[in-house]
Structure formats: C-alpha cells, structure tokens
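Student: From first to last, the protein sequence lines stand for chains A and B.
1 is the number of the first residue of the first sequence in the numbering used here; add one for each residue after it.
1 is the number of the first residue of the second sequence in the numbering used here; add one for each residue after it.
Heads up, some of the hints might be wrong.
On the chain B side, residues computed to face chain A include the following (Cβ under 8 Å) [claimed, not checked]:
hint, residue
1, P9
2, Y32
3, L34
4, E42
5, H72
6, F89
7, L93
8, G95
9, F104
Keep in mind that the hints were calculated from the coordinates and are not lab data.
These numbers come from a predicted model, not from an experiment.
C-beta atoms are modelled at their ideal positions from N, C-alpha and C, and glycine is treated no differently.
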Amino acid sequence: GAVVSQHPSWVICKSGTSVKIECRSLDFQATTMFWYRQFPKQSLMLMATSNEGSKATYEQGVEKDKFLINHASLTLSTLTVTSAHPEDSSFYICSARDQLASGKWDEQFFGPGTRLTVL
Amino acid sequence: DQQVKQNSPSLSVQEGRISILNCDYTNSMFDYFLWYKKYPAEGPTFLISISSIKDKNEDGRFTVFLNKSAKHLSLHIVPSQPGDSAVYFCAALKGSSNTGKLIFGQGTTLQVKP
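Kindly produce the complete structure, drawing on both the sequences and the hints.
Tutor: Below you can see the structure in the form of structure tokens.
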C-alpha cells in the first residue's frame with residue numbers, strides 16, 4: 001500500500017510554544033489530507049480536511065487559529081499547534097487520499113501519528 | 001455524540017478460533033463502512049469495506065456483515081492468528097464519496113492467544 005509519513009513521531013514542548021507536525025505522502029499525490037486527533041481509549045476525531053492550494057475545512061469545535069493547517073503541495077500538509085497548552089496533549093494522525101482514487105475511500109492511507117506532550 | 005460505537009474495548013480469543021468484532025451506528029444515512037487495523041506506533045491500515053447495498057463482504061479470512069435495520073456491522077476473522085492482535089476500528093462514511101469524511105468508533109483491542 002501507499003506510504004504516508006509523519007514527522008516528528010513524538011514531541012515534548014513547553015506550554016505556550018508552537019509545534020509543527022508534517023504529513024507527507026511518499027509515493028503518491030494527495031489532493032486531500034485529513035488531520036485527526038485521538039485521546040486515549042477514544043476514537044479518531046477528525047479535526048480538519050486539508051485540500052491542496054486552498055484553505056482547510058475545520059470541524060465544529062476545532063479552533064482554526066490554534067490549529068493552523070497548510071497544504072502547500074500534493075505531497076505535504078502541515079499542522080501547527082500554536083501556543084500549545086497541556087490540554088492539547090494528544091496523538092495526532094494524518095491521512096491522505098490518493099489523487100487517482102477519486103471516490104474510493106479504501107484508498108485513504110494513514111500516517112503513523114505524532115504524540116504531542118505539552119508540559 | 002458518538003455516531004459510531006464499538007462497545008467492547010477488548011476481545012481475547014484462542015488461535016484458530018473465530019474473532020467477532022462489533023460496531024453500531026446511529027445515522028441511517030451512512031451508506032459505506034470500513035474496518036481498519038492498527039498496530040502500536042503505526043497508522044491504521046485499511047482492512048475491508050462494505051457498501052449499504054450489500055449485507056456481506058468477504059476477503060480471505062475477513063468477512064464483514066452489515067445489518068442495516070439494526071444499524072450494526074460486525075467483522076469476523078476466521079481462523080484467528082496471533083498476528084491479528086491489534087486495535088480494530090470501524091468507520092462510517094458521512095457525506096458523499098467525494099467530499100465526505102470518516103466517523104470512527106473507539107476501537108476494539110483484539111488479542112489472539114497462541
């Protein structure tokens with residue numbers, strides 16, 4: 001299957017700082033990438049849908065000014081957690097849909113996730 | 001509001017036996033469902049899917065059953081193997097195939113004992 005990478009795999013930061021997480025599709029082009037958040041023992045919650053070259057669409061309750069998403073190319077989307085606080089500590093996972101797979105949700109590939117801990 | 005629910009957080013079965021993982025949903029407009037498997041420190045990987053026009057889809061050892069009237073789907077793994085030990089998520093597609101999004105359940109941790 002296709003490969004999606006995330007960097008970093010884990011990060012610890014101080015409260016008030018900003019953290020950038022990268023999501024890359026390594027062997028395919030992705031017009032759409034998704035950012036999820038997962039708390040322990042809970043489901044993956046969609047935060048936003050990122051489309052290449054346009055503004056991200058945020059889910060209800062997700063602060064767009066706090067979670068900045070940039071999808072500058074067909075292989076890279078970034079999520080920046082601005083002024084992070086301990087309650088932002090979570091597991092962040094991205095996924096990417098293959099540009100050629102239009103309509104096929106089976107062709108959505110997930111990154112390994114990034115563990116963010118805010119002290 | 002949890003629209004997709006996996007009420008069993010964990011399941012333990014013996015190697016060779018059948019594993020049955022269950023998933024319930026609340027929105028009758030959902031018409032496409034997927035199961036994902038997740039190992040620690042890895043992202044979820046697609047396992048099998050089913051459209052609401054079907055009530056069963058089979059792929060090797062994996063079969064997904066859909067009961068629309070009960071808003072319930074299940075994943076059967078037979079025979080179960082130790083390598084199947086992982087967290088399994090069910091997901092429902094909300095919206096159209098082009099602009100929709102996936103709604104996930106909480107996951108069920110499956111342990112297959114040798």
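Student: All the hints need checking, so say for each whether the structure fits it.
Tutor: Hints, verified against the model:
Taking 8 Å as the C-beta contact cut-off toward chain A, the hint placing B:P9 at the interface holds, the least distance being around 7 Å. For B:Y32, the shortest C-beta to C-beta distance to chain A is roughly 6 Å, which falls under 8 Å, so the interface hint holds. For B:L34, the interface hint holds, the least distance from its beta-carbon to any beta-carbon of chain A being 6 Å, beneath 8 Å. For B:E42, the suggested interface contact is upheld, since its CB lies about 5 Å from the closest CB of chain A, less than 8 Å.
At a threshold of 8 Å, the smallest CB-CB gap from B:H72 to chain A is about 17 Å, leaving the interface hint violated. Annotation: interface hint on B:F89 holds; nearest CB of chain A at approximately 7 Å, less than 8 Å. Annotation: interface hint on B:L93 holds; nearest CB of chain A at approximately 6 Å, less than 8 Å. The beta carbon of B:G95 is not positioned within 8 Å of any beta carbon in chain A (closest approach about 10 Å), and the interface hint is therefore violated.
The interface hint given for B:F104 is met, as the beta carbon of that residue sits about 4 Å from the closest beta carbon of chain A, less than 8 Å.
In summary, the structure is inconsistent with hints 5, 8 from the numbered list given earlier, while agreeing with the others.
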